[in-house]
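Participant: One letter stands for each residue in the lines below.
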Amino acid sequence: MIDYSNKEYKVKVGLAEMLKGGVIMDVINPEQAKIAEDAGASAVMALERVPSDIRSQGGVARMSDPDMIEGIKNIVTIPVMAKCRIGHISEARILESLEVDFIDESEVLTPADEVYHINKWNYKVPFVCGCRNLGEALRRISEGAAMIRTKGEAGTGDVSHAVKHLREINSIMKSLTIMTDEELFGVAKNFQVPIDLVRGVAKTGKLPVPNFAAGGVATPADAALCMELGAEAVFVGSGIFKSDNPSQRAKAIVAATTHWQDYKIVADASRGLGEAMKGIQASDIPDEELLQTR
Amino acid sequence: MEKYKNLQIGILALQGDYECHKKQLNLLGVKNSYVKLPEHLKKIDGLIIPGGESTAIIKLIDRFDLRDAIVKFSQTKPIWGTCAGMILLSKEIEDNQAEVQPLQLLDIDIARTAYGRQVFSFETQLILDLNGSQTECPATFIRAPRIKRVGEKVKILASYNDDAVLVEKDNIMASSFHTELENNTKLLEYFLDNFLVDKVNI
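Protein sequence lines, in the order shown, are assigned to chains E and R. So for the first sequence, my numbering puts the first residue at 1; every next one is plus one. So for the second sequence, my numbering puts the first residue at 1001; every next one is plus one.
For reference, chain E alone in the conformation it holds in the complex:
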């Protein structure tokens, strides 16, 4: 049986706890990382292309160049995350050897393994994984993920899918809290996850690790909405550096995430930001081109 109370795992989840209430920003070079840090980002995600470019340029998206990751690590004091392809054990080991603070085993990159995710228990470095529903979240946690990001459709600037998935996860978690033990066994069977994890959610109504939101966040109001729907922090990908005024927009999204219940502050943060990223409506994307289903 997996021991979720073991020291190493607690230290991994501990860093996720420290990132709560903050904004984690996608950056593609040290200059952007500096802008993110100055704006109050709680961490940066180093990647070669932001999701909207991956979407428009196509091709295989892979782990970033170690030089680029090192360059970002050297310029900021906040934690640095980096993405590896789903199931790409070797990219994950490379990122661990670079001492990044978190690895995102991410569907935004082209999956390397069509069947298996990485066994994340085998690493010193913590992992974050995306999910669309409670079953996916618990499967990733049973593989050792220390943080979950409930994902929308990356690179669209359309928050609707993040909203849909946050709503769904919350509603299923709530329903678990009133189920009988027999019903919980049924849920564990359907989700293909250990019963202990399902019982844990039934007891607390929450995931056992922090649950952040990601995918399609483009405005301060989008960030506040994710927090309103129970996200504990927000990832912003293309939304900042694909907008007119990245520095000001980054600051505004940070302010709105901290003060998400204070709508005067969210309103002030929303003033005069210029054009948000243009974006594409997530419902216009054909199913086979969706990143979230990977």
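The set of hints was computed from the structure by calculation and includes no laboratory data. Even for Gly, the Cβ is constructed at its ideal location relative to N, Cα and C. Please note that a few of the clues may not be correct.
[What the hints assert, rightly or not] Distance condition first, Cα-Cα at most 30 angstroms in a straight line; then the derived DSS-like pairs of lysine-lysine:
#: 1; chain 1: R; residue 1: K1031; chain 2: E; residue 2: K264
#: 2; chain 1: E; residue 1: K174; chain 2: R; residue 2: K1022
#: 3; chain 1: R; residue 1: K1022; chain 2: E; residue 2: K7
#: 4; chain 1: R; residue 1: K1022; chain 2: E; residue 2: K203
#: 5; chain 1: E; residue 1: K124; chain 2: R; residue 2: K1148
#: 6; chain 1: E; residue 1: K7; chain 2: R; residue 2: K1023
#: 7; chain 1: R; residue 1: K1005; chain 2: R; residue 2: K1148
#: 8; chain 1: R; residue 1: K1023; chain 2: E; residue 2: K124
#: 9; chain 1: E; residue 1: K174; chain 2: R; residue 2: K1169
#: 10; chain 1: R; residue 1: K1155; chain 2: R; residue 2: K1043
#: 11; chain 1: R; residue 1: K1031; chain 2: E; residue 2: K203
#: 12; chain 1: R; residue 1: K1005; chain 2: E; residue 2: K203
#: 13; chain 1: E; residue 1: K206; chain 2: R; residue 2: K1031
#: 14; chain 1: E; residue 1: K34; chain 2: R; residue 2: K1091
#: 15; chain 1: E; residue 1: K206; chain 2: R; residue 2: K1022
#: 16; chain 1: E; residue 1: K264; chain 2: R; residue 2: K1072
#: 17; chain 1: R; residue 1: K1186; chain 2: E; residue 2: K7
#: 18; chain 1: E; residue 1: K206; chain 2: R; residue 2: K1186
#: 19; chain 1: E; residue 1: K174; chain 2: R; residue 2: K1031
#: 20; chain 1: E; residue 1: K10; chain 2: R; residue 2: K1042
#: 21; chain 1: E; residue 1: K278; chain 2: E; residue 2: K264
#: 22; chain 1: R; residue 1: K1023; chain 2: R; residue 2: K1199
#: 23; chain 1: E; residue 1: K124; chain 2: R; residue 2: K1186
#: 24; chain 1: R; residue 1: K1153; chain 2: R; residue 2: K1199
#: 25; chain 1: R; residue 1: K1186; chain 2: E; residue 2: K203
[As the list claims (entries may be wrong)] If you only want the chain R side, here are some residues facing chain E, beta carbon under 10 angstroms, derived:
#: 26; residue: A1013
#: 27; residue: S1033
#: 28; residue: L1037
#: 29; residue: K1059
#: 30; residue: R1112
#: 31; residue: G1116
#: 32; residue: R1117
#: 33; residue: V1119
#: 34; residue: S1121
#: 35; residue: C1137
#: 36; residue: F1141
Could you slot chain R onto chain E? The hints should help.
Facilitator: Relative to chain E, chain R alone:
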């Protein structure tokens, strides 16, 4: 707990693990509230500055006019900073490439992330010197800051290897580690008992 019934504790909730501190306060039945703006300091008796990202927290302190308010608060009321909170309370930050200005409420100098990045984060048992008795306590160091200089009048309550990791002076307490990730409330109780209970109940 009965002795805490008159207390109202604030937790700085700009970014970080403020929820973990709230859980611990709730375990002891202590009334608490989040501090995000200067006016939230008015009704509280003591302040906890949580772990999180010190650069992000300091930027938000300045953006929402909390710096002077917290400094003024500290003149009459106690503050406990954990991890990032300790960095905020310090006098000087070594290698300060993010160019953030700490609150300078405690005479210690700090090096950030000085035990290494996340792969070197760890949990250990510490012996805390609390009111003359040696208390064992689990402690988690996450990308933890290291105290590089301890001012003359600052009292050291715990060390890890040769580093001071828990210090106090007057009404300020700071720890480079986390106790709030566990259900062990010993250090929180020490803060409440020694810095608050007597003063508020008089």
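Participant: Of the numbered hints stated earlier in the document, which are not met by this structure?
Facilitator: 7, 9, 20, 27, 35
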